[in-house]
Every structure is written in C-alpha cells, then in structure tokens.
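For the record, the sequence lines run as chains A and B.
All residue numbers for the first sequence refer to the numbering used here, where the first residue is 1 and numbers rise by one.
All residue numbers for the second sequence refer to the numbering used here, where the first residue is 1 and numbers rise by one.
Read the hints as simulated data drawn from the structure, not as lab findings.
None of the values given here were measured: they were computed from a predicted structure.
Every residue gets a Cβ at the ideal spot worked out from N, C-alpha and C, and that includes glycine.
Heads up, some of the hints might be wrong.
BS3-like mimics (lysine-lysine), calculated; alpha carbons at most 27 Å apart, straight line [as the list claims (entries may be wrong)]: (1) K100/A with K154/B; (2) K67/B with K100/A; (3) K48/B with K67/B; (4) K160/A with K67/B; (5) K67/B with K169/A.
Far from chain A, some chain B residues (derived; all Cβ distances over 12 Å) [unchecked claim]: (6) K48; (7) I61; (8) D64; (9) A77; (10) G91; (11) V105; (12) A142; (13) L151; (14) L152.
Here are the chains, one letter per residue:
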Amino acid sequence: MGPRLKLFLPLILFAMLAVTLFRGLSLDPGEMPSALIDQPLPAFSLPRLGQSGLLSEADVIGQPALLNVWATWCISCRVEHPYLQQLAAQGIPIFGLNYKDDDQAAQRWLDELGNPYRFNIADREGTLGLDLGVYGAPETYLLDAGGVVRYRHVGVVDDKVWQTILAPKYMALNTGSGAP
Amino acid sequence: MTVLRALLVACAMLLAGRALALIETYEFSSPELEARYQQLSEELRCPKCQNQNIADSNAPIAQDLRKLLHHQLELGATDEEILDYMVVRYGEFVRYRPRFGGTTVVLWLAPVLLLLVGILVLTRMLRSPPKTGLSGTESLSAQEQVRLRSLLDKAGRDS
C-alpha cells in the first residue's frame, strides 16, 4: 500500500461506515419475514364461524386470495375493518381467520360492522395461528391459487399498504404464472 | 428496629406477589424437564417483543409458546425437535442462538473476522519501527562525531 493511499484510509473507512449506517436508518428492525413464504398453507380442520361444518386448507384453494387474521379483542382490527370491506366490494376474495376469539362476539362484530369475508375459520385455541407463525393480530397473508403463502403483512392493511405492497403482488398472481 | 424489619418483610412480600402474578407456573413430572423448560424458555425469543425471551415476556404469544413448550416437554420431545418446531413457524429469528448457515453465516463469522483484522493491524503496528525520534540504525558522520566531542568537551570544561 502506497503512503498516499494510506493517508486516505480513514476517509475510506468512514465512507464505508457512513453508507452502512445510513442504510440502517431506513431498515425496520422489527420486520420479520414469515417462515412460511413460498410454503403451502398448513393443514387444518377447524369449525366455520357461525355455521356448522369443518373447514380445511382445501377450502381456500382455487384463486389468489387474502387470509386475514383478526379478533374482536384486537383494536387495530377495528381500524382495518372498513378497508377490508372496500377490498371485498372490489371483488378481492378475503378469508377470515378469527384468532383466539369468542364465536358469539365475532358473529356480533360481523353483524354490526359488516362482513368482508367469504367465510371465517374459527381458530378458538389459536392452533392454526401457531402453525402460521402468527404473533399478533391483524396479520394478512397473500395466498396464490394453489394455496401457497406468497407474502405476509403484519399490521393494519390500509390504502397505502394495499396500493404499494399488496396490490402489485396480488395482480402479479392473477395475471402471470404466479411464480415470483 | 422492629418497624424497619416489618417494613422490609412487607416489601419482600409485595415483590414476591408481583413475580407470581407475572408468570404462570407449570407442574413438571420431573426436575430434569423443569430444568430444560427453564433453559429453552430463556433461549427462545418472543416474536412480538423482540428484545425479550419467552421466559421474560408477558405478551400473549409468549404465554402461548410457554404453554406449548411445557406440553411438548411432557410429551417427551427432544430439545432439537422443539427448536425445529418453533423455527419452522417463526424462522431462525425465534432463537437467540441461531443455527449456522444461510443468512446467519455473517452473524456467526463477523466476530472472528473482526478479531483477525484487529490482530493483523496490531502485529503490523508493533513490527514496523516508530517513525519519529532517533532510531538505532542511523549513525553520525565523522565530521559530526568531531563536533559532538568538541561540544561535550566544552560543556565539561564549563561546568
């Protein structure tokens, strides 16, 4: 190493450090990609909310869809609810996973606030939630036509999240081959 | 003195009550299982509150995971099976000691690499001769020797 280059070493090191740390400013340390990405939805057999009969993973297969994890004890879910109804009105298939909730309270919620879901899986003990790696509600999973998990969004789905993150992925699943 | 002692006892009781209220207790069929429960619940990270392990966190998901851990231990699952089960659902993220490989390679190797760089820099600094001050390799020319001697002699006479 020439003496001239050595002189610039601190500057070079500083520049590298600055770039690394600057990049760190825009990263979300809480972001945790789902372990299920590109894996099929875990098998389940759970009651259908408000009706008799059991639901299984086969019931959500057939078209790209959203699987929304919600509960009546979840305050953010109430914030998210009107937007889900907008999406449902646009014809986007949304399945509900009623997570660790009371069936009657959940049914009352749907009667009062409207029902954006094709159907709701009543996961009273949170077993499917556990298999999915759910760690809080609301969470929204994007499934492809084959029932494979393509994306997981943690937190409220609003217009910004839908327009910037979910909609492009959903459209790609509908038009293209479905492969990422 | 008795008042002070009573106060201390009251404080201790309050603290004990609080500790019990925070974390539920489980019955184990053997002390060995209980030890493994302690160890695993300290190694598993709470997915919701990311700077706590599931033993310390009181988030609902941590409670669920503790319940599951107890259940699996009593069913006779090995540590490896339990950790695999958690990793399949929550990713390597859920372990405070992630497995070596894939995205965790950098995490595991960075300290060793940094240590090596440090040693390299240190040995280079120690080996190279200091730049400033007199070094042993330089010697005075004959003329300088004569001048030095005359100066020393002069100093000797003056004192």
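Structure-based check of each hint:
{"no.": "1", "hint": "K100/A with K154/B", "result": "100 Å, violated"}
{"no.": "2", "hint": "K67/B with K100/A", "result": "15 Å, holds"}
{"no.": "3", "hint": "K48/B with K67/B", "result": "16 Å, holds"}
{"no.": "4", "hint": "K160/A with K67/B", "result": "37 Å, violated"}
{"no.": "5", "hint": "K67/B with K169/A", "result": "36 Å, violated"}
{"no.": "6", "hint": "K48", "result": "5 Å, violated"}
{"no.": "7", "hint": "I61", "result": "5 Å, violated"}
{"no.": "8", "hint": "D64", "result": "6 Å, violated"}
{"no.": "9", "hint": "A77", "result": "15 Å, holds"}
{"no.": "10", "hint": "G91", "result": "4 Å, violated"}
{"no.": "11", "hint": "V105", "result": "17 Å, holds"}
{"no.": "12", "hint": "A142", "result": "33 Å, holds"}
{"no.": "13", "hint": "L151", "result": "36 Å, holds"}
{"no.": "14", "hint": "L152", "result": "37 Å, holds"}
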